[in-house]
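Engineer: Sequence:
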Amino acid sequence: GFKNSSIANTYSAVYLALSAFFDVSIPRNEGTYRSVRIIAPEGSIVNARPPAPMTMNTVFVAHEIVHALWRALAQADPARACAGWGKTMHGHVAGHKADGSTWVMYQWHAMGTPGATAERDGFAQMGHLITLGGLDLPNLEFHEQMYPVRYLRHEMRSDAAGAGARRGGSGVIYEADVLEPCIWSFRAEGLDTPSGYGICGGRDGAVGLEWVRPHDAVADGGEFIPPKYGVRRLGPARMIAHTPGGGGWGDPLDRDPQLVLRDVRDGVLSVQAALRDYAVVLGGDDRSVDVAATGAARRARRDVAGGER
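Read in order, the letters of the sequence shown correspond to residues 9 to 317 in this note's numbering.
Hint data in this document are derived by calculation from the structure and do not stem from the laboratory. In this text, a Cβ means the ideal position worked out from N, Cα and C, and glycines have one as well. No false leads were mixed into what you were given.
Restraint-style ranges between C-beta atoms, simulated for each label pair:
#1 Arg36 with Arg161: 34 to 44 angstroms
#2 Gly303 with Leu143: 39 to 49 angstroms
#3 Arg221 with Asp107: 21 to 31 angstroms
#4 Ala16 with Asp224: 42 to 52 angstroms
#5 Trp219 with Arg310: 37 to 47 angstroms
#6 Ala102 with Val44: 36 to 46 angstroms
Start from the sequences and build out the full structure, keeping to the hints where you can.
Structural biologist: Here you go:
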């Protein structure tokens, strides 16, 4: 896909990234941003000029700019650092109603996932990074009334959150049947490589996964992994997405074992991942923490880590 940004979009992304680091007492306004100097040479990817394509630069390229600034700022003030958000991987579908009018549906429910901060875990799922949560996800039942779609699954993904003292968002498992022939538009930045990077000792969130399964394999071919960018006309088909996990903040061995237990109970974390990522040993019923065994496991992990330095 296109990787160019207009100068206006670059300024907006820079200000958004800085806003996440400001103290709450500092106003987010023109007077504050006046002190920021942005160097963006004309003709570069952050100050593209016509005829350079800039489609959706407010979403995808802005995400890259924000991440770049967050990584840099984390070195100056780790306590305010923001772990990476899993990148978006939702597609769009469009078709025609019986009266000839056009409908367009964004598959918002396959959105990316926030990373953690020192203050809290990442949310399980949220709107685009560029909105910092200001974009709500629509109601599933409402979507089914508005569009020819039937939702099969929309639930938190297990073992996808980046481990940390504060873990990243879990991501979701999304399955939906599009019931009529339509045009699919793909834009999936969250595939192939982890995008929710860990910070301050936290770990990366899981990579995103996605499949499209046409209902008529003869006419439309079998199941396929959609491209990161592309358009394809299909008959009725199912979209399956495991959205990326958000990055973790801080050393996973510093996470409260009771929070790890809560995640196991909620299905966000498996018993195996609790031990592997957090050195938390659960009791025989998997509903309590073995405090002594957990303490011993964490001391052993720290001893090994210290010896490898």
